[in-house]
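The listed protein sequences derive, respectively, from chains A and H.
Using this note's numbering, read the first sequence as starting at 1 and increasing by one per residue.
Using this note's numbering, read the second sequence as starting at 1 and increasing by one per residue.
Don't read these hints as lab results, they were simulated from the structure.
It cannot be assumed that every hint is accurate.
[What the hints assert, rightly or not] Sample of chain A residues with no beta-carbon within 12 Å of chain H, all distances over it, derived:
hint, residue
1, N14
2, D109
3, S364
4, G369
5, N621
[As the list claims (entries may be wrong)] Here are the simulated DSS-like pairs of lysine-lysine, each with C-alpha atoms no more than 27 Å apart in a straight line:
hint, chain 1, residue 1, chain 2, residue 2
6, A, K242, A, K184
7, A, K242, A, K302
8, A, K106, H, K131
9, A, K108, H, K140
10, A, K597, A, K622
11, A, K419, A, K468
[Unchecked claim] Partner residues are not named here, just some residues of chain H that face chain A (Cβ under 7 Å, in silico):
hint, residue
12, R59
13, G76
14, V101
Small disclaimer: the values here were computed from a predicted structure and weren't measured.
Cβ coordinates follow ideal geometry from the N, Cα and C atoms, glycine included.
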Amino acid sequence: MRRIGVFICWCGTNIAATVDIETVIKEAREMPGVVYAGDNKYMCSETGQTQIKGTIVQQKLDRVVIASCSPRMHELTFRKTAAAAGLNPYLVEIANVREHCSWVHKDKDAATVKAVALIRTAVAKAALDTGLEPQEFVVTRRALVIGGGIAGIQAALDIAEAGYAVDLVERTPSIGGRMAQLDKTFPTLDCSACILTPKMVDAAAHPNINLLTYSEVEEVEGYVGNFEVTIRQKARSVDAAKCTGCGLCFEKCPSKVKSEFDEGLALRKAIYVPFPQAVPNIPVIDRDHCRWFSKKKCGVCKKVCPASAVDFEQSDVLIKQKYGAIVVATGFDLIGFEIFGEFGYGKHPDIITSMEFERLVNASGPGGGKLLKPSNQQPPKNVVFVHCVGSRDKSRGKPYCSKICCMYTAKHAVLLKEKHPEAQAYVFYIDVRTAGKDFEEFHRRAVEEYAAVYLRGLVGKVFPSGDKLLVNGVDTLSNQAVEIEADLVVLAAALTPRHDAEGLARMLGIGSDAHNFFVEAHPKLRPVESHTAGLFLAGTCQGPRDIPETVAQAGAAAAKAIALLNKETLLSDPCVSAVDESLCTGCLACLKVCPYKAISDKPLTEKVHGRQRRRLVAEVNKALCQGCGACSAACRPGAMNLLGFSNEQLLAEVDAICL
Amino acid sequence: MSVAAKTQDFEPLIVAFCCNWCSYAGADLAGTGRMSYPANIRVIRVPCSSRVSPNFILRAFQRGADGVVVAGCHPGDCHYVSGNYHARRRFSMLRRFLEFVGIEAERLEVHWISASEGSRFAQVMQDITDKIRVLGPNRKLRDSR
Chain A
1 MRRIGVFICW
11 CGTNIAATVD
21 IETVIKEARE
31 MPGVVYAGDN
41 KYMCSETGQT
51 QIKGTIVQQK
61 LDRVVIASCS
71 PRMHELTFRK
81 TAAAAGLNPY
91 LVEIANVREH
101 CSWVHKDKDA
111 ATVKAVALIR
121 TAVAKAALDT
131 GLEPQEFVVT
141 RRALVIGGGI
151 AGIQAALDIA
161 EAGYAVDLVE
171 RTPSIGGRMA
181 QLDKTFPTLD
191 CSACILTPKM
201 VDAAAHPNIN
211 LLTYSEVEEV
221 EGYVGNFEVT
231 IRQKARSVDA
241 AKCTGCGLCF
251 EKCPSKVKSE
261 FDEGLALRKA
271 IYVPFPQAVP
281 NIPVIDRDHC
291 RWFSKKKCGV
301 CKKVCPASAV
311 DFEQSDVLIK
321 QKYGAIVVAT
331 GFDLIGFEIF
341 GEFGYGKHPD
351 IITSMEFERL
361 VNASGPGGGK
371 LLKPSNQQPP
381 KNVVFVHCVG
391 SRDKSRGKPY
401 CSKICCMYTA
411 KHAVLLKEKH
421 PEAQAYVFYI
431 DVRTAGKDFE
441 EFHRRAVEEY
451 AAVYLRGLVG
461 KVFPSGDKLL
471 VNGVDTLSNQ
481 AVEIEADLVV
491 LAAALTPRHD
501 AEGLARMLGI
511 GSDAHNFFVE
521 AHPKLRPVES
531 HTAGLFLAGT
541 CQGPRDIPET
551 VAQAGAAAAK
561 AIALLNKETL
571 LSDPCVSAVD
581 ESLCTGCLAC
591 LKVCPYKAIS
601 DKPLTEKVHG
611 RQRRRLVAEV
621 NKALCQGCGA
631 CSAACRPGAM
641 NLLGFSNEQL
651 LAEVDAICL
Chain H
1 MSVAAKTQDF
11 EPLIVAFCCN
21 WCSYAGADLA
31 GTGRMSYPAN
41 IRVIRVPCSS
51 RVSPNFILRA
61 FQRGADGVVV
71 AGCHPGDCHY
81 VSGNYHARRR
91 FSMLRRFLEF
101 VGIEAERLEV
111 HWISASEGSR
121 FAQVMQDITD
131 KIRVLGPNRK
141 LRDSR
């Protein structure tokens, strides 16, 4: 007979207010195999854990059931508690009577009955638990950082500084990301490039960092400690070893294309570096727009290159590498404007996004930072800024607040006045949110010193009128319709994840929310970890945030990765599939459903009626098995069984839950 | 007994198999958000919807469950790459089998509920409880106990 102990947590009033603890204890004592049932106000507290440890020893418990919060919350805590008392940690089961019972039901009687049923189920499962031993496996001490923006650069530098090799993968030809496009940063008005470029150079020069620019992650396999990643390094068509970065090739290149870095406001060549401070300072040929690749004509770059670095024959390289940890820092895009017709974006060159404004005001941007109207290169007089274009817009855009727009618009208003003292900024807003160090002060400066006019209300329509733009809006504080003759309209567009974030999430096996932002393992306590062990998140791929937050988070993600790489070995989850060879018929239906190629066939020689007989059976590679149990459900003879979630256990759970 | 009388004091028992990574987490989120749903729902945690064998479902019906829900990650989002696709095929076949042996296929539902869809979890559970309430108790497969 088992000696099962049931520990019921009150969780203060979280459980005890809706579940009658006394009834539950009484019922639990009657359950088969239960020799002890007790309660504690907070089972996870020091006293609660002491109670568990003491009782395991005193009552000689061989199985433990904790009725408390979700196992996703405290299963590990209680497993450790049991282990401390000498019990195999896999002999602990959790009955989730908080998230799945007391918090979702109001009727105390019904909730109590259900709590008893959930505990009965956990007891039935625990009775069939077997002690499991995790296996040790070696950690690959190398990290991968996906995304070369400020988050990726910071994470790579921190990991590299700790002494581990890092591959920093960036899709575009240069690292730098969004921050490289910005002019100044709020609230200090630091020059963005001036504080970023030294970090870019540090990253490139660091002996532990291997930059893989113009590269994309193509396939991710494996698991924590041993990810196997395939990276496609796209053909640059320029030999990085020979190129001196002289720039003669793009001076002479005749093909002109809209510059992605300048948000389409300026032209670049078909062979180009995205911006002057690019790292590495090695051009790439955009093969879609190059005359050589489209028409087999031209080839000027090759002719003029003094280092003979241009190489039209170069092809993509597939790099296969193993990593112990991965930091994902893929950043953001701006929301598409197709659905916001009233602002007229795309219909007039003087209606621009906030990102385009950054480029116009930037000294390295189009027009040399003079901030002139794109339509006629004249200085703008009246500039209308519109907050929340797509943000906080449940019906058409995104319901969330993009967080940084209030502050960068205040910055834009300041920069406008610095460039053109006679200009006037008008800002349409819903609320001004300035939570952050020195943020409110900065916003007040924009209003008081730089005389930005803030109008609380929405813009209804923007339309061209002569060489001006008529902005129709409403000021809800004075309850008046407002019409402004503007020279420039700047739309503070909602931040969204990169357009292909969803695909990356699938490739990596990390969760994403309704808007495709990557989801953290716990919103409060594990903000930089994903649900998948060994995969960490940094920056705006997880949600809108500003630069200091991004840098802090990148550092935190790096710290987590370093802690992981610091271990020589990790313990595997022992909840993997096992084969009962005596039942296996060798049909290998299991092999077909296994997503990890963890199952193979194995010849087995055995004696039947005195004769040698060979047959095939399935074999599980424990290091590859991730414990999904698809094979166990597919196995007709019932030979395949997932440890920790065995057929017998699940059937016992069904029996108990239906009682 | 009229149908109305039958459904009035009938409290269905519904077993929900929830995958650890999406639906179980979604159920947790429903709890954290205090989104109430009927106490008729009882959740069994499985690593993946592909772990659920048709045997478990038949056993639940045999033991008196009036409805069964299998909930997993959205197609394409399976934590184990492809498990929910196996589950989808397996249970569309099982539903046809249930119909074939004379059990209303409506008693078995398969849903995709992500870890961020707490309110959807509560809604799905409310809906199936309402449906089973109208359908009445499962008498066909329930064993004599």
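Does the structure break any of the earlier hints, and which numbers would those be? Violated hints: 1, 2, 6, 9, 14; rest satisfied.
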